[in-house]
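Residue 761 in full-length UniProt numbering sits at position 761 of the sequence shown, and the numbers go up by one each step.
Keep in mind that the hints were calculated from the coordinates and are not lab data.
The model shown is predicted, which means the values in this text are computed figures rather than measured ones.
Just to be clear, a hint being listed does not mean it is correct.
Quick list of in silico lysine to any residue cross-link-like pairs, SDA-like style, CA-CA up to 20 angstroms [what the hints assert, rightly or not]:
{"no.": "1", "residue 1": "621", "residue 2": "591"}
{"no.": "2", "residue 1": "345", "residue 2": "492"}
{"no.": "3", "residue 1": "405", "residue 2": "460"}
{"no.": "4", "residue 1": "844", "residue 2": "816"}
{"no.": "5", "residue 1": "633", "residue 2": "669"}
{"no.": "6", "residue 1": "349", "residue 2": "335"}
{"no.": "7", "residue 1": "460", "residue 2": "482"}
{"no.": "8", "residue 1": "485", "residue 2": "346"}
{"no.": "9", "residue 1": "474", "residue 2": "751"}
{"no.": "10", "residue 1": "855", "residue 2": "867"}
{"no.": "11", "residue 1": "300", "residue 2": "239"}
{"no.": "12", "residue 1": "492", "residue 2": "580"}
{"no.": "13", "residue 1": "470", "residue 2": "750"}
{"no.": "14", "residue 1": "855", "residue 2": "636"}
{"no.": "15", "residue 1": "345", "residue 2": "479"}
{"no.": "16", "residue 1": "300", "residue 2": "460"}
{"no.": "17", "residue 1": "337", "residue 2": "391"}
{"no.": "18", "residue 1": "231", "residue 2": "211"}
{"no.": "19", "residue 1": "470", "residue 2": "691"}
{"no.": "20", "residue 1": "300", "residue 2": "338"}
{"no.": "21", "residue 1": "621", "residue 2": "636"}
{"no.": "22", "residue 1": "570", "residue 2": "844"}
{"no.": "23", "residue 1": "474", "residue 2": "694"}
{"no.": "24", "residue 1": "691", "residue 2": "636"}
{"no.": "25", "residue 1": "570", "residue 2": "591"}
{"no.": "26", "residue 1": "567", "residue 2": "540"}
{"no.": "27", "residue 1": "691", "residue 2": "750"}
{"no.": "28", "residue 1": "827", "residue 2": "764"}
{"no.": "29", "residue 1": "879", "residue 2": "753"}
{"no.": "30", "residue 1": "460", "residue 2": "476"}
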Amino acid sequence: MKSETDSRRCRKSWGGINLPAPRQPVSRTTTRRHRTGHAGRPRTSRPIRPRLRRAHPSPSSPNIGPTRPQSGATSPLSSCRLSAESPPESGSHRALHRAASIASSSDAGAAGRHQEATCPPVSRCAAVFASDPPVGYHFTCGGRLTLLAHKTAVYKMSEFLELEALDGIRMPWNVIPGTREDAVSCVVPVSAIYTPLKSIPDMPVVPYAPLRCRMCRSILNPFSRVDYNAKIWLCTFCFQRNQFPQHYSSISENNLPPELFPQYTTIEYISTAETGPVMPPVFIFVVDTCIIEEEIGYLKSALAQATELLPDNSLIGFITFGTYVQVHELGFGLLPKSYVFKGTKEVSKEQILEQMCFFAGKQKPTTGVIAGTRDGLSSESISRFLVPASECEFVLNSVIEELQKDPWHIPADQRASRCTGAALSVAASLLGVCVPGSGARIMAFVGGPSTEGPGSIVSKSLTEPIRSHKDLDKDSAPLFDKAVKFYDQIAKQLVHQGHVLDLFACAVDQVGVAEMKVAIEKTGGIVVLAESFGHSVFKDSLLRIFQSADNGLGLSFNGILEINCSKDVKIQGIIGPCSSLEKKSPLSADTVIGQGNTSAWKMCGLDKKTSLCFVYDISRKVGPDTVAQQTGKQLYLQFVTYYQHHEGQMRLRTTTISRQWASGAATVQELIDGFDQEAAAAVVARLVSFKMETEADFDPIRWLDRALIRLCTKFGDYQKETPSSFSLSPRLSIFPQFMFNLRRSQFVQVFNNSPDETAYFRMMLERENVGNAVAMIQPSLISYSFQSGPMPVLLDATAIAPDKILLLDSYFSVVIFHGITIAQWRKAGYQDQEGHEAFAQLLKAPHDESDAIIKERFPVPRLVVCDQYGSQARFLLAKLNPSVTYNSDNPAPGGDVIFTDDVSFEVFMDHLQRLAVQ
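Sequences and hints are given; from them, build the entire structure.
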């Protein structure tokens with residue numbers, strides 16, 4: 001590739017081996033026409049999941065779970081009443097076609113930039129838009145498009161999707177390496193991405209407590225061995241013999257409780273004797289008033305709509321902050337009343353108790369910790385600040401309606417005095433005093449950077465810029481470490497209390513998401529990043545939080561997650577929104593990744609899509625009897641989640657899965673057969689994101705390159721020193737494309753992103769499931785034209801054509817891109833004229849699809865509608881593979897040229913093949 005300067009020839013080298021490093025697209029990206037080519041892996045944005053039951057494992061496929069009967073069964077025991085959860089979210093049906101790739105064809109004689117806007121064709125059949133996208137194409141490492149066996153491709157993909165639908169788990173390796181040495185050589189660690197509260201159809205919810213092993217505390221599951229005559233069950237994990245209690249006396253082979261049914265590997269328990277009374281959810285709104293009047297108007301409107309959707313039994317608190325912090329007494333309805341705190345200091349629980357008169361007219365206890373009604377506080381004093389939504393509607397609406405901009409004068413050369421940290425400290429202490437251990441959320445609405453008191457990220461003077469990535473790299477951001485330390489203390493306090501911190505950051509400037517990240521992640525909070533409180537991203541996302549559980553997020557609280565593993569498997573840690581409970585156990589590995597050194601984690605907040613990445617360590621070492629011992633053996637993993645359901649009662653959900661150990665001479669092929677490329681890409685993305693934040697001298701590009709080369713060297717099929725002979729199994733061949741796009745993604749390349757944006761992207765990556773993570777790493781691209789229905793096309797510059805509309809789904813944004821001819825026809829108004837109904841439908845089709853994507857996603861993605869050669873076309877061009885750039889030789893007509901120095905996927909694969917065969 002040609003280069004203007006030597007600096008643009010940036011390559012990462014190690015051991016005399018060079019692999020081209022990605023370059024960020026030039027921010028002033030422009031395009032021109034060029035020839036067509038093939039690169040990248042296109043995916044449909046709405047893949048369809050077929051309704052499949054778990055099939056009996058065939059001799060050629062790995063044994064990766066229990067057999068599921070064709071029809072569901074209920075427990076024959078008279079004490080078991082089953083209730084089915086809601087069906088899985090509609091977004092799960094978009095996953096099947098992610099592995100499919102199809103060839104894009106360029107139209108001969110495509111119109112150029114200055115083509116005359118002739119009339120669109122009117123004789124096309126409108127039915128073309130109803131056709132389903134084809135599947136079965138596959139992009140090989142050599143750059144060729146090859147048609148695979150259609151049935152085989154669909155079966156391989158549906159196998160993993162079916163397992164995810166049954167238990168909410170995806171694993172990169174569904175056949176587990178037999179020894180530590182094998183696991184290390186596999187490059188991608190043995191891991192699992194688990195969604196604890198995934199909606200599972202026909203999942204039983206039983207009204208009694210689970211049976212636990214008296215030795216390891218694991219729970220009875222379908223893999224347990226049962227002696228029906230002696231009424232004894234054998235623990236799957238520690239092989240302890242356990243006696244069934246008296247109320248299981250009628251158990252037999254023909255009379256099983258639900259937890260022993262082979263299809264119920266995931267089950268929920270509700271024990272009314274243990275849960276006690278239903279606990280209402282608690283919400284404290286913490287509102288920034290240092291914003292302009294227009295923004296306050298938008299925020300008041302959004303809050304008014306959100307409060308109407310609150311459950312009637314939920315408890316509501318309200319805090320505003322600017323130069324000072326004001327806690328509003330919603331329980332006092334005669335007139336507005338609030339307590340004011342300085343914004344320059346932290347506020348402790350003792351100060352809250354004293355200054356807010358919790359013991360007015362009563363004697364304060366002299367010993368012990370005062371927290372909640374159980375420790376001396378009266379319910380009357382708590383109800384002054386936390387009031388049921390059904391009782392404070394008028395007062396709350398009055399407070400919201402009377403919100404005004406912070407009255408303190410702001411000099412022209414200074415920023416507003418905003419005490420975000422002090423306000424969050426007051427909210428955390430107030431919840432710790434009133435409702436410790438009960439599910440509660442602090443919902444902070446912030447419109448600018450904190451400049452006052454603890455947690456401030458920048459001084460008031462406008463001459464000092466807000467920290468950038470360059471400042472953080474050079475340690476020239478003096479307030480950053482201090483603010484992170486403050487929010488880490490807030491996180492520990494909230495985790496101890498079981499409360500959540502949510503952040504709605506709506507400003508053109510940075511507000512401090514990077515500093516608050518530790519508190520949001522450890523408490524399982526939600527983040528929404530938008531440019532304004534009037535933006536649809538904020539307004540629609542806020543309303544979606546409070547929708548009914550069937551259509552909304554299904555917010556749950558105060559969860560504790562525990563795991564159990566088979567022998568020779570240990571847990572290194574979790575990458576995701578949780579906090580370690582520091583429960584030492586034999587299951588903890590010596591090496592730590594993420595939240596480790598424990599076998600139990602606190603999840604203060606979780607919802608139906610919250611996903612965690614478990615990283616395991618295989619402790620078994622190579623020995624003379626290793627192969628014989630693991631032949632035919634199964635590995636078992638159990639996840640136990642105890643949480644406060646959105647309906648208020650405490651529930652326990654347990655998921656138990658089985659995977660097969662790899663063994664014998666066919667180990668490599670067994671591993672390949674059980675490899676899930678999408679799950680592997682999601683795990684690697686989380687790992688590289690975590691390492692970039694925790695390791696000072698970490699080089700992500702070099703680490704990714706080395707990992708990919710090692711993987712291809714181990715599992716590729718090639719002749720030594722012959723790059724042209726290199727090939728990968730269909731089970732692995734898409735993985736290099738994921739790594740190519742990951743190297744160019746916003747998770748690795750921080751160029752042109754602020755620290756707040758980078759923190760937001762990484763937080764979303766670490767809490768989403770595999771399907772959404774893959775959309776973040778490698779966006780899907782769909783083409784709409786008169787010649788064919790909606791069809792996935794290559795994520796490449798050659799996909800652009802004047803007479804086509806492209807729909808890009810990159811998770812955070814949805815882009816509708818009109819070719820220049822389509823844009824000219826639209827501007828001429830042909831869609832409104834009689835006889836051009838097909839053109840009107842062509843314009844409408846991508847908008848219907850984008851509406852469906854936006855409707856099911858949280859946070860709501862940004863919708864960008866742009867035209868070819870327009871300024872906002874950069875949102876699409878930055879994601880495309882630059883197969884032809886401004887310095888390419890002999891560009892042919894058709895497609896666009898991207899002005900960038902980034903390497904193309906073809907060049908990347910050429911280097912990968914050359915290095916893998918050395």
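For each hint, the structure was consulted:
1. 621 with 591: The hint holds at about 16 angstroms.
2. 345 with 492: holds, 18 angstroms
3. 405 with 460: Since the Cα atoms of residue 405 and residue 460 sit roughly 18 angstroms apart, the hinted pair holds (cutoff 20 angstroms).
4. 844 with 816: Roughly 11 angstroms separates the two Cα atoms, so the pair holds.
5. 633 with 669: holds, 17 angstroms
6. 349 with 335: violated, 26 angstroms
7. 460 with 482: holds, 17 angstroms
8. 485 with 346: Cα-Cα ~13 angstroms, so holds.
9. 474 with 751: Holds, at about 15 angstroms.
10. 855 with 867: violated, 24 angstroms
11. 300 with 239: This hinted pair is violated, its Cα atoms lying about 59 angstroms apart.
12. 492 with 580: holds, 10 angstroms
13. 470 with 750: With a Cα-Cα distance of about 10 angstroms, the restraint between residue 470 and residue 750 holds, given a limit of 20 angstroms.
14. 855 with 636: Roughly 37 angstroms between the alpha carbons, so the hint for residue 855 and residue 636 is violated.
15. 345 with 479: Holds: residue 345 and residue 479 sit about 16 angstroms apart, inside 20 angstroms.
16. 300 with 460: Not OK: residue 300 and residue 460 at ~26 angstroms, beyond 20 angstroms, violated.
17. 337 with 391: holds, 17 angstroms
18. 231 with 211: holds, 13 angstroms
19. 470 with 691: OK: residue 470 and residue 691 at ~18 angstroms, within 20 angstroms.
20. 300 with 338: holds, 18 angstroms
21. 621 with 636: This hinted pair holds, its Cα atoms lying about 19 angstroms apart.
22. 570 with 844: Roughly 52 angstroms separates the two Cα atoms, so the pair is violated.
23. 474 with 694: holds, 16 angstroms
24. 691 with 636: violated, 29 angstroms
25. 570 with 591: Roughly 10 angstroms separates the two Cα atoms, so the pair holds.
26. 567 with 540: violated, 47 angstroms
27. 691 with 750: Holds, at about 14 angstroms.
28. 827 with 764: Not satisfied, since the Cα-Cα distance of roughly 37 angstroms exceeds 20 angstroms.
29. 879 with 753: holds, 15 angstroms
30. 460 with 476: Within the cut-off at roughly 17 angstroms; holds.
Hint violations for this structure: numbers 6, 10, 11, 14, 16, 22, 24, 26, 28, all remaining hints satisfied.
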